[in-house]
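Required output: the full structure, derived from the provided sequences and hints.
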Amino acid sequence: MIKVTVGNNVKRESMIVDANTTLRQAFEAANIDYASGVSNLDGATLQPGDLDKTFTDFGITEKTFLFSVIKANNA
Amino acid sequence: MAKITVVGSMVIVRSSLTLEEIALVEKHRPEALAIKDEEGEVIFKVGTTEGVGAIGTYGVSFGESSRDDKKNAVVTLGIADLGENEDIREIIADELGAPLAKLNKIESGIAEVIEGIKAEKQAVIDAITIA
Chain A
1 MIKVTVGNNV
11 KRESMIVDAN
21 TTLRQAFEAA
31 NIDYASGVSN
41 LDGATLQPGD
51 LDKTFTDFGI
61 TEKTFLFSVI
71 KANNA
Chain B
1 MAKITVVGSM
11 VIVRSSLTLE
21 EIALVEKHRP
31 EALAIKDEEG
41 EVIFKVGTTE
51 GVGAIGTYGV
61 SFGESSRDDK
71 KNAVVTLGIA
81 DLGENEDIRE
91 IIADELGAPL
101 AKLNKIESGI
111 AEVIEGIKAE
121 KQAVIDAITI
131 A
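Chains as they are written, first to last, in this note's numbering: chain A, 1 to 75; chain B, 1 to 131.
Some clues are possibly wrong.
The calculated lysine-lysine pairs, modelled on PhoX-like cross-linking and capped at a C-alpha distance of 20 Å, are [what the hints assert, rightly or not]:
1. K118(B) <-> K36(B)
2. K36(B) <-> K63(A)
3. K63(A) <-> K118(B)
4. K11(A) <-> K71(A)
5. K63(A) <-> K11(A)
6. K71(B) <-> K118(B)
Per label pair, the in silico range of CB-to-CB distance [what the hints assert, rightly or not]:
7. V124(B) <-> T61(A): 33 to 43 Å
8. T5(A) <-> E20(B): 24 to 34 Å
9. R67(B) <-> N40(A): 39 to 49 Å
10. E28(A) <-> G109(B): 42 to 52 Å
11. F65(A) <-> A123(B): 26 to 36 Å
12. A72(A) <-> K71(B): 20 to 30 Å
13. K71(A) <-> A23(B): 25 to 35 Å
14. I12(B) <-> G59(A): 22 to 32 Å
15. A29(A) <-> E20(B): 15 to 25 Å
16. K71(A) <-> I12(B): 19 to 29 Å
17. A29(A) <-> K71(B): 27 to 37 Å
18. P30(B) <-> R12(A): 14 to 24 Å
What the hints contain is simulated information worked out from the structure, not anything from laboratory work.
Ideal Cβ placement from N, Cα and C applies to all residues, glycine included.
Structure, rendered in structure tokens:
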């Protein structure tokens, strides 16, 4: 089990999930819209296809931060 | 209560529950497999996974069953770089003591939960009419 802090610009929550959970499942469990922002894991930008990889695939064994950040124009 | 067996440099943690029982509770009463802090945030969780499983600060994932008739859920861990004169019991108590204590706490109250789920399931089955 790992601790994942999932969020976006306005909210965040921590959850404990199995390390074989995919990033997409974690976003969906936290009800975070990951389609309209830039997703990152521990600050590193995710690439297409990464959302269906598990935390184990990324070498996460204890805890991590998963965010979808919406960047406003001219910000 | 979970039991621990050491074989060479492998440590096998054996739950008092079966993998099926854990999966059943995980599906119907996941909160019964979690420990929360004073603010209601989940701080420890027990569940099922694929593979050999894992034990850590935040929970225990069981992925395999014992080979005997009891079919208890087990996690197999490797201990690397173990010196000949080191006390394996002491190392296990240091490394796994906290999560195992939490696992035991969850296991201690789970029998009633399983009975409740089975009773509810049976009630639904009894209410079904095949026409």
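Between the beta carbons of A29(A) and E20(B), is the distance compatible with 15 to 25 Å? At roughly 23 Å between Cβ atoms, E20(B) and A29(A) fall inside 15 to 25 Å, so the hint holds.
Verdict for K71(A), I12(B) (Cβ pair) under range 19 to 29 Å: Because 49 Å falls outside the window, the suggested range is violated.
When you take the CB atoms of T5(A) and E20(B), is the distance between them in 24 to 34 Å? Holds, at about 32 Å.
Given the hint of 14 to 24 Å, check if P30(B) and R12(A) actually sit that far apart at their C-beta atoms. The hint (14 to 24 Å, Cβ to Cβ) holds, given that P30(B) and R12(A) are roughly 21 Å apart.
Would you check the hint for K36(B) and K63(A), treating anything up to 20 Å between C-alpha atoms as holding? holds, 17 Å
Could you check the hint for me, namely that V124(B) and T61(A) are 33 to 43 Å apart, CB to CB? holds, 39 Å
Would you check the hint for K63(A) and K118(B), treating anything up to 20 Å between C-alpha atoms as holding? Roughly 34 Å separates the two Cα atoms, so the pair is violated.
When you check the alpha-carbon spacing of K11(A) and K71(A), does it fall within 20 Å? It holds: about 15 Å lies between the C-alpha atoms, which stays within 20 Å.
Taking the CB of K71(A) and the CB of A23(B), does the distance hold inside 25 to 35 Å? Violated, since K71(A) and A23(B) (Cβ atoms, about 41 Å apart) do not stay within the stated range.
Mind checking the hinted window 39 to 49 Å against the Cβ distance between R67(B) and N40(A)? Between R67(B) and N40(A), where Cβ atoms are some 43 Å apart, the hint holds.
Straight-line Cα separation of K71(B) and K118(B) no greater than 20 Å? With Cα atoms ~19 Å apart, K71(B) and K118(B) stay inside 20 Å; holds.
Do I12(B) and G59(A) keep their Cβ atoms within the hinted range of 22 to 32 Å? Given range 22 to 32 Å: holds, Cβ gap about 25 Å.
In terms of the numbered hints stated before, the structure departs from hints 1, 3, 10, 11, 12, 13, 16, listed from lowest to highest.
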